[in-house]
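Undergrad: First to last, the sequence lines map onto chains G and Y. Residues 0 to 191, numbered by numbering that gives the first Met the number 0, are exactly what the first sequence covers, in order. Residues 0 to 181, numbered by numbering that gives the first Met the number 0, are exactly what the second sequence covers, in order.
Note that these hints are calculated values from the structure, not bench results. Check before you lean on any hint, since a few could be wrong.
Claimed, not checked - To be clear about the criterion: a stretch of chain Y counts as covered by chain G if any three or more of its residues have a C-beta under 8 Å from a C-beta of chain G, and this derived list gives those stretches: (1) 18 to 24; (2) 69 to 81; (3) 84 to 95.
To be verified - One side only, chain G facing chain Y, incomplete, derived with CB under 7 Å: (4) M0; (5) Q26; (6) Y30; (7) Q48; (8) H63; (9) Y66; (10) L67; (11) W70; (12) V74; (13) T121; (14) F143; (15) L146.
Because the structure is a prediction, the values reported are computed rather than measured. The beta carbon of each residue, even a glycine, is placed where N, CA and C say it ideally should be.
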Amino acid sequence: MRPEAELIQGIRRRDERIFEEFVRRYQQVIYFTSLRMLNTHEEALDAAQEVFLKIWRSAEVPKHEGYLKSWVYRVTINACIDRLRERRRGEGTKTLDNVIWLSIPADGLTPLQIAQQAEEFTRLRRAMDELTQRQRSIFVLRHFQNLKLQEIADILEIPIGTVKATLHQALLKLRALLVGATQEAPEARMQS
Amino acid sequence: MAYYCNDLKDRWPEYLYRELNEHEQALFAQHLRQCPACQQEEAYWKKLFSHLDVLAMDDGTDQAPPELVYRVKRQIHFYQEWSRQTYTAYRSKVAASIAACLLVGSVLWLGDRSLQKITASGPYIEAVSQSVLEDFYNPILLKLYKENGIFVSPDVRQIRLTMRPEGKPPEEKPKPSQQQTL
Numbered sequence: 000m001r002p003e004a005e006l007i008q009g010i011r012r013r014d015e016r017i018f019e020e021f022v023r024r025y026q027q028v029i030y031f032t033s034l035r036m037l038n039t040h041e042e043a044l045d046a047a048q049e050v051f052l053k054i055w056r057s058a059e060v061p062k063h064e065g066y067l068k069s070w071v072y073r074v075t076i077n078a079c080i081d082r083l084r085e086r087r088r089g090e091g092t093k094t095l096d097n098v099i100w101l102s103i104p105a106d107g108l109t110p111l112q113i114a115q116q117a118e119e120f121t122r123l124r125r126a127m128d129e130l131t132q133r134q135r136s137i138f139v140l141r142h143f144q145n146l147k148l149q150e151i152a153d154i155l156e157i158p159i160g161t162v163k164a165t166l167h168q169a170l171l172k173l174r175a176l177l178v179g180a181t182q183e184a185p186e187a188r189m190q191s
Numbered sequence: 000m001a002y003y004c005n006d007l008k009d010r011w012p013e014y015l016y017r018e019l020n021e022h023e024q025a026l027f028a029q030h031l032r033q034c035p036a037c038q039q040e041e042a043y044w045k046k047l048f049s050h051l052d053v054l055a056m057d058d059g060t061d062q063a064p065p066e067l068v069y070r071v072k073r074q075i076h077f078y079q080e081w082s083r084q085t086y087t088a089y090r091s092k093v094a095a096s097i098a099a100c101l102l103v104g105s106v107l108w109l110g111d112r113s114l115q116k117i118t119a120s121g122p123y124i125e126a127v128s129q130s131v132l133e134d135f136y137n138p139i140l141l142k143l144y145k146e147n148g149i150f151v152s153p154d155v156r157q158i159r160l161t162m163r164p165e166g167k168p169p170e171e172k173p174k175p176s177q178q179q180t181l
């Protein structure tokens with residue numbers, strides 16, 4: 000595996016072999032970030048492809064070592080935000096209405112429990128769709144890419160306080176949406 | 000000071016991310032131990048976080064689709080092909096533009112030279128062909144007439160330039176009498 004500096008140099012001079020290595024190394028990061036942001040496999044694949052092509056065309060990667068991954072995240076998040084904007088603007092809005100998300104069920108669950116769990120995941124996905132673009136970006140980077148708040152702040156070039164506040168807003172919103180979806184009223188329960 | 004349910008309401012994310020300071024975290028935990036409603040709320044948050052953890056496991060796979068690398072390589076190939084073609088077309092256009100500029104420049108230069116020649120030499124001068132002069136016909140005529148008093152009479156194929164003698168007004172041809180015309 001080539002060191003990052005060599006990878007950066009290779010991308011800058013558009014070396015096809017080095018770029019292929021870059022694609023193989025960062026495809027997971029880019030694809031799964033796009034998938035979490037956009038929610039559909041096809042769009043995530045298109046977005047990932049677009050990100051790689053954009054990097055190839057511009058060949059403008061950070062000059063110094065240690066910034067490549069953050070920069071890749073930033074490019075990916077921006078590409079996904081653009082797509083989300085287009086999606087909201089466009090007529091062919093994709094929804095998850097007919098999509099059932101199945102995750103690997105825990106052992107020993109009955110078919111009913113598996114179905115309930117699938118329903119919960121679907122509700123969660125729908126609730127995530129309701130987040131604003133910034134909330135979604137931060138939420139995806141924190142929960143699905145497992146990045147620290149400071150790393151997210153560096154990637155999105157915003158203060159860490161903003162990251163923290165936005166993440167909290169996102170979680171509270173998710174919570175409220177999920178509660179609304181299940182017709183629960185925790186506020187009523189919480190009056191003690 | 001003890002925490003109440005309303006104190007906890009908006010601070011769950013901070014508690015779950017362990018971003019509260021030690022004192023606050025302890026007060027939070029203390030309230031949780033005493034309050035069944037908040038215990039239920041904690042259970043709900045933990046369930047949400049565990050669901051998110053399951054989703055983070057990428058629906059059973061942690062590999063990007065294998066076609067992604069192929070698709071990127073194909074796109075890059077198309078892009079290179081397209082840029083090569085665009086570059087070739089661009090190069091031809093640039094070459095054509097340069098040639099056109101040279102042609103126009105040389106015509107202007109020749110035109111300028113012939114003007115100098117006209118003013119310097121005799122009264123009758125064969126000028127460049129009409130096709131070349133078409134675009135510059137009027138300004139040249141105007142310049143010739145205003146500055147040098149040269150009268151230009153265009154021919155079908157060629158332009159004949161007539162220069163009047165220095166200091167004398169252009170000779171006017173006698174008008175044919177009405178009878179002659181008739």
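Undergrad: Each of the hints needs a verdict: does it hold here or not?
TA: Against the structure, the hints:
Only when three residues or more bring their CB closer than 8 Å to a CB of chain G does the claim for the region 18 to 24 of chain Y stand; here the count is 1, and the claim is violated. For the region 69 to 81 of chain Y, the stated coverage by chain G is satisfied: 6 residues place a CB nearer than 8 Å to a CB of that chain, which reaches the threshold of 3. Counting residues of the region 84 to 95 of chain Y whose CB falls under 8 Å from any CB of chain G gives 0; the rule of at least 3 is not met. A cut of 7 Å between beta carbons decides the hint on M0 of chain G: the least distance to chain Y is about 16 Å, and the hint is violated.
At a threshold of 7 Å, the smallest CB-CB gap from Q26 of chain G to chain Y is about 4 Å, leaving the interface hint in force. Interface hint status for Y30 of chain G: upheld, as the beta-carbon distance to the closest one in chain Y is roughly 4 Å, under 7 Å. With 7 Å as the threshold, the beta carbon of Q48 of chain G comes within range of chain Y, its nearest partner Cβ sitting at about 5 Å, so the hint holds. Look at H63 of chain G: its Cβ only gets to about 25 Å from chain Y, farther than 7 Å, so that hint breaks.
For Y66 of chain G, the interface hint is violated, the least distance from its beta-carbon to any beta-carbon of chain Y being 22 Å, above 7 Å. With 7 Å as the threshold, the beta carbon of L67 of chain G stays out of range of chain Y, its nearest partner Cβ sitting at about 17 Å, so the hint is violated. Among the interface hints, the one on W70 of chain G is violated; its C-beta lies about 18 Å from the nearest C-beta in chain Y, farther than the 7 Å criterion. At its closest, the beta carbon of V74 of chain G sits 14 Å from a beta carbon of chain Y; the interface hint therefore is violated under the 7 Å criterion.
Checking T121 of chain G against chain Y by beta carbon gives a least distance of about 11 Å; that is not within 7 Å, so the hint is violated. Contact between F143 of chain G and chain Y, as hinted, is supported at the beta carbon level, the nearest pair being about 5 Å apart and thus within 7 Å. A cut of 7 Å between beta carbons decides the hint on L146 of chain G: the least distance to chain Y is about 12 Å, and the hint is violated.
Hint compliance for this structure: hints 1, 3, 4, 8, 9, 10, 11, 12, 13 and 15 are not met, and every other hint is.
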